[in-house]
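Undergrad: Respectively, the protein sequence lines represent chains A and B. By the count of our numbering, the first sequence reaches residue 206 at its end, each step adding exactly one. By the count of our numbering, the second sequence reaches residue 571 at its end, each step adding exactly one.
Source of the hints: derived by calculation from the structure; they are not laboratory data. Be careful, since some hints might not be right.
To be verified - Lysine to any residue pairs mimicking SDA-like chemistry, simulated, CA-CA at most 25 Å apart:
1. B:K125 to A:Q200
2. A:K187 to B:E161
3. B:K125 to A:R151
4. B:K175 to B:E161
5. B:K125 to A:V178
6. B:K125 to A:R161
As the list claims (entries may be wrong) - The following label-pair restraints were derived from C-beta to C-beta distances:
7. B:P42 to A:V156: 46 to 54 Å
8. A:Q164 to B:K219: 32 to 40 Å
9. B:P42 to A:Q164: 41 to 49 Å
10. A:S181 to B:P42: 28 to 36 Å
11. B:E205 to A:S181: 50 to 58 Å
12. A:E150 to B:R76: 45 to 53 Å
13. B:D61 to A:Q164: 21 to 29 Å
14. B:N80 to A:S181: 45 to 53 Å
15. A:Q164 to B:D236: 33 to 41 Å
16. B:D106 to A:E150: 43 to 51 Å
What the hints assert, rightly or not - Computed footprint of chain A on chain B, listed as stretches where at least three residues anywhere in the stretch have a Cβ under 8 Å from a Cβ of chain A:
17. 107-115
18. 275-284
The C-beta atom is built at its ideal place from N, Cα and C for all residues, glycine as well.
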Amino acid sequence: MSKPPLFKFRLYVAGDGPHSTQARANLTALCRELLPERHEIEVVDVLRDPQRALTDGVMLTPLLVKLSPAPIRKITGSLSQREPLLQALGLPA
Amino acid sequence: MKVKKPTVANPSKARTGIEGFDEITHGGLPRGRTTLVEGGPGSGKTIMALQTLVNGARYDNEPGIFVAFEESSERILANAGKFGWDLAELQKKKLFFLDAQPVADVFQSGSFDLIGMLAALEAKMRQIKARRIVFDAIDVVLALLNDPLAERREVYRLHEWLLAHGLTAIITAKIGGPESRGVNQPHLGFMQFMVDCAVILNHEVAHGVSQRNVRVVKYRGSAFAENESPFLIDDGGLEVTGARGLSRVEVTVTAERVSTGVPRLDVMLGGGYYRGAGILITGFPGTAKSTLSGAFAEAACQRGERTLFVSFDSDANEVVRNLASVNIRLERFVKKGLLRLVSARTISGSSEIHLMRIKNFAEEHGARCVVIDPVSALSKAGNEGTAYSVAERLIDWTKAEGITLLCTSLLDDAAPHEEGTSLQISTLADTWIHLNYLVHAGERNRSLSIIKSRGTGHSNQVRELVLSDKGVTLADAYTAGGEVLMGTLRWEKERAVLAARVESEAAKKLKQATVASEEALLEVRLKAVQLELEVKRAEKEMLTRSTAVRTDELASGKTHLGELRGVDEK
């Protein structure tokens with residue numbers, strides 16, 4: 114069995130807004146549970162770097178982008194609904 | 002693209018630059034506040050919003066941001082390309098399009114908000130110093146939230162953000178067709194309460210004719226025209242027919258008369274039509290309505306006045322040709338550029354569109370006289386509802402501009418006995434001339450009568466309208482036994498009168514001659530008698546004298562005799 118892939122995430126948040134805070138916590142918890150030692154999370158705060166939101170086309174926050182493994186997936190929301198999240202990430206429920 | 006500057010700049014309002022709309026709202030949208038524009042699909046929301054943004058950037062130096070939730074900015078730009086708004090140039094500095102369409106491949110887990118977008122917009126706003134912003138099709142993004150509470154929350158967030166930055170904003174939102182109006186759109190009702198100004202665009206098809214209307218539903222802190230105002234989307238964008246405020250109609254009244262083109266009709270009207278009046282000519286088909294219109298147009302051109310002739314019925318060139326047969330020669334004025342002919346048959350659309358086109362033509366041409374033949378065409382094909390207001394505005398407009406307007410109107414075949422018109426324009430017209438046929442003694446003759454003419458003493462007589470290759474004229478109508486005689490009967494009557502006159506002339510002459518001869522005879526007799534008298538007198542004298550002589554002679558004879566006899570003296 115080959116080495117399980119490394120998950121690279123970018124999470125766009127809007128400061129400490131409730132949805133963003135929830136998303137951060139939910140993502141961290143999920144990674145700890147399902148992807149221990151094989152995940153990287155980059156957090157971009159659009160309030161601090163609004164130009165980034167503009168260039169990356171981030172309209173709805175929070176927004177999670179799974180950069181790898183392919184395919185790239187975008188998930189919006191506080192990540193509180195587990196089932197669609199796992200489905201989007203290609204992880205077994 | 003015409004932008005009318007408001008006479009008094011209102012600092013609390015942001016001009017949309019959309020003709021008519023700024024009039025309805027007394028200056029434009031609330032500055033620094035939010036306006037909701039609702040309407041069904043294809044009602045013109047996007048165009049209206051974009052036009053406001055573009056005009057702000059072009060004419061008021063207010064850069065703007067367009068947030069596209071539904072269509073991509075590329076498509077919006079392509080669609081707006083035909084309006085000649087110079088979007089490419091504006092986009093360099095003053096106009097920014099943000100594509101904010103929800104992407105199909107985005108998964109959703111839990112709730113989210115619009116903070117990301119607002120952060121991005123804030124960056125852009127600072128960069129281009131935006132003063133105006135449009136959120137086009139907000140309903141699309143709100144639908145994603147799929148939760149009335151969340152919708153409300155995000156709308157609040159947006160609203161607070163807009164207020165905080167003092168942006169003049171337009172939010173557009175779809176309302177479904179008539180069947181779904183108000184259903185499943187809780188955010189709309191809520192937004193209506195929240196915003197400072199709400200506008201509804203309405204697009205209906207009545208009897209196959211498209212009618213677009215705009216209505217301001219609310220406007221905090223400002224008066225506005227509450228009625229629906231028709232608008233159209235033409236090659237300059239939206240054009241709204243202005244509000245009809247009482248203050249708007251400032252008519253300069255003049256006592257100047259303009260010729261009808263028919264000298265005898267001028268006399269009947271006490272000098273002609275009033276300059277700036279609305280004139281209506283009604284009649285059945287073929288009663289020479291167009292001919293009278295043509296005569297008026299010719300007279301106007303002869304005075305050197307620029308004239309617009311709108312023909313709904315026939316091709317304009319046909320009108321010129323046909324009028325030439327009654328010696329109304331318009332072609333020379335067309336060539337000179339004084340007369341502009343428009344065949345309105347080719348213009349399809351609602352009466353509003355016709356009105357706007359007519360106005361545009363007249364303004365372009367600088368017309369002082371406008372002929373619309375027939376104006377009843379405006380009420381064709383499903384326009385009955387709006388045609389009256391169109392006629393009203395037509396007359397208001399020409400009066401305000403001092404244009405003399407002559408309209409013809411076909412009478413309704415269904416109610417031929419009513420001397421009224423489907424447009425009810427007759428109540429608005431200043432002068433109303435009615436043309437009719439009089440069928441009598443196997444003939445059909447045209448008659449003309451003046452039904453009303455405000456401010457003018459006018460003839461109450463029905464006249465016969467005579468068309469010939471020499472022109473148009475009126476003939477006295479003979480009344481005999483309470484009946485008006487026309488055509489051959491009139492001719493016969495005229496002949497009879499003439500014959501009678503000749504006869505009486507002759508009789509008079511005869512009488513004169515007789516009397517003269519009698520007089521002469523008497524004079525002759527008088528002379529004869531006088532002569533006779535003289536003869537008698539002479540005779541008498543002679544007689545007297547001869548007697549005296551005889552006596553003398555007798556006496557002297559006696560003496561002589563005595564002498565002879567030697568008689569001695571006594």
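Undergrad: Do at least three Cβ atoms from the segment 275-284 of chain B come closer than 8 Å to Cβ atoms of chain A?
TA: As far as the segment 275-284 of chain B goes, the hint is violated, because 0 residues have Cβ atoms under 8 Å from chain A.
Undergrad: Can the restraint linking B:K125 and A:V178 be considered satisfied, given a maximum Cα separation of 25 Å?
TA: Holds, at about 23 Å.
Undergrad: For B:P42 and A:V156, compare the CB-CB distance with the range 46 to 54 Å and indicate the outcome.
TA: Taking Cβ atoms as reference, B:P42 and A:V156 lie about 40 Å apart, which means the hint is violated.
Undergrad: Taking 8 Å as the C-beta cutoff, is the stated coverage of the segment 107-115 of chain B by chain A satisfied by three or more residues?
TA: Holds: 9 residues of the segment 107-115 of chain B have a Cβ under 8 Å from chain A.
Undergrad: Against the range 50 to 58 Å, how does the distance between the Cβ atoms of B:E205 and A:S181 compare: consistent or not?
TA: Check passed, 54 Å falls within 50 to 58 Å.
Undergrad: At the C-beta level, are B:D61 and A:Q164 separated by a distance inside 21 to 29 Å?
TA: holds, 27 Å
Undergrad: Are B:N80 and A:S181 spaced within 45 to 53 Å by their CB atoms?
TA: Violated - the Cβ-Cβ distance for B:N80 and A:S181, about 39 Å, lies outside 45 to 53 Å.
Undergrad: Against the range 28 to 36 Å, how does the distance between the Cβ atoms of A:S181 and B:P42 compare: consistent or not?
TA: The hinted range 28 to 36 Å is violated for A:S181 and B:P42, with Cβ atoms some 41 Å apart.
Undergrad: So does A:Q164 sit 33 to 41 Å from B:D236, Cβ to Cβ?
TA: holds, 38 Å
Undergrad: If you check the beta carbons of A:Q164 and B:K219, does the distance land in 32 to 40 Å?
TA: With a Cβ separation near 37 Å, A:Q164 and B:K219 satisfy 32 to 40 Å, so the hint holds.
Undergrad: Against the 25 Å threshold, does the CA-CA distance of A:K187 and B:E161 hold or violate the hint?
TA: Answer violated: A:K187 to B:E161 is near 28 Å, above 25 Å.
Undergrad: Between the beta carbons of B:D106 and A:E150, is the distance compatible with 43 to 51 Å?
TA: Once the Cβ atoms are compared, 29 Å apart, the range 43 to 51 Å for A:E150 and B:D106 is violated.
In this structure, the hints that do not hold are numbers 1, 2, 3, 7, 9, 10, 14, 16, 18, in rising order.
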